[in-house]
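Hey, can you work out the whole structure from these sequences and the hints?
There are 2 protein chains.
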Amino acid sequence: MTRPGKSKRQELLSRYLEGNPFLTDDELAHILGVSIQTVRLDRWRLSIPELRERLKEVAQGIYGQVKSLEKDEWIGKLIDLELGRSGVSILEVSEEMTLKRTRVARGDYIFAQANCLAVALIDTKVALTGTARISFRRPVYCGEKVVARAFISRRKENKYVVRVASKVQDETIFQGKFLVFAIA
Amino acid sequence: MTRPGKSKRQELLSRYLEGNPFLTDDELAHILGVSIQTVRLDRWRLSIPELRERLKEVAQGIYGQVKSLEKDEWIGKLIDLELGRSGVSILEVSEEMTLKRTRVARGDYIFAQANCLAVALIDTKVALTGTARISFRRPVYCGEKVVARAFISRRKENKYVVRVASKVQDETIFQGKFLVFAIA
DNA sequence: AAATTCTTTAATACCAGGTACTAAAATAAA
DNA sequence: TTTATTTTAGTACCTGGTATTAAAGAATTT
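Chains A and B, in that order, give the protein sequences. When we follow our numbering, the leftmost residue of the first sequence carries the number 17, and every step to the right adds one. When we follow our numbering, the leftmost residue of the second sequence carries the number 17, and every step to the right adds one.
Read the hints as simulated data drawn from the structure, not as lab findings. Incorrect hints may have been included.
Since copy identity is lost for identical chains, a pair holds within one copy or between any two.
As the list claims (entries may be wrong) - Only pairs whose alpha carbons sit at most 27 Å apart, straight line, appear in this in silico DSS-like list of lysine-lysine:
id : residue 1 : residue 2
1  : K183      : K161
2  : K24       : K183
3  : K193      : K24
4  : K175      : K193
5  : K183      : K72
Structure follows, in structure tokens:
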């Protein structure tokens, strides 16, 4: 338990807390080999809040995001859902989804439908799309019905690979591979 | 402050907590118009943990996800970054990024490069891609250098629209519009 | 109406993980 | 050696609880 200088210790302390905000002062004191008072002083000097406040901040962080995602409207009608396996959703392209000039559906609606479906498959309270590899095959026009079919193709811990194919009648207009993360 | 029955109150209680896990027993007691003891009894009967445990759970939830994202390797070399505005990254396509048969780079590497860059632009600790609208213009071959340029094109609260264009020499091989969420 | 049972409230002792403050001891610098 | 800095100790107090015992109130049954 060699004791490096004050500034070094404080740097260590912030790094420890950055890596793991769940550490109590007591645990930090043990790790750093100093008294709990020193830890508290250091935290005060670095203006790092106490454990509970840190947790609250982290929790509020996710909560804000989750709420903002919840607000985002659900795109498409869910017509079949086998949680954890597959699902089907239908989107009828309405005027407000299209670009006025071309009467072509804005791509993000098509994407959003697929994304919503992909996320919905995951059997968890909150799921977020981490990355997605998608392609638009042809434009979709106002009035067309887009049928999206999705299934979970792989899973590794809390990561899911969901594949989605969207069709208008028999024509595939969109395909996507979504990497979705499950939270909680 | 009319008092509905016990089961009704308990249902209310769980719903309140589902909507806002940050409520203390005291606040719940006021909301429900009963004593704090009743709230605690109800929580116990519904096996809902105390505030601090709830926060910890939420915090651990996000933390798991953030860590899993952090683990995901950074794709591309960041060669220029103006935080909150724009950035440039270069990816040299190596053998392990390509499909053996075709020597074509796997699309997700191209996507990942753009996605990493998009997320890096955001001036916050943690940023997650919510949705993305992307297109691959032509295959990229082993040995080619992909230069991705990104800029923030819109912002609304914690949501950012980041546009990314990736080129090999003068040819655009990828374009993407990312909706990125800032956390905390 | 009286007895019984369920439900709610009260009261108290205790805990973790702190804050805020005062003071003394140890160490480093002059 | 003296002075200043740094570290440790100790105490009182806080929030948001747990755990337990007891009593008051309300609804049901007899």
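Structure-based check of each hint:
1. When the C-alpha separation of K183 and K161 is checked against a cutoff of 27 Å, the pair qualifies only within one copy, where the shortest distance is 8 Å, while the shortest distance between copies is 35 Å.
2. Taking CA atoms no more than 27 Å apart as the test, K24 paired with K183 passes in neither setting, with 60 Å inside one copy and 44 Å between copies.
3. Taking CA atoms no more than 27 Å apart as the test, K193 paired with K24 passes in neither setting, with 46 Å inside one copy and 42 Å between copies.
4. In this homomeric assembly, K175 and K193 come within 27 Å of each other (Cα to Cα) both inside a single copy, at 13 Å, and across copies, at 23 Å.
5. Taking identical chains as interchangeable, the C-alpha atoms of K183 and K72 are never at most 27 Å apart, the minima being 44 Å within one chain and 43 Å between chains.
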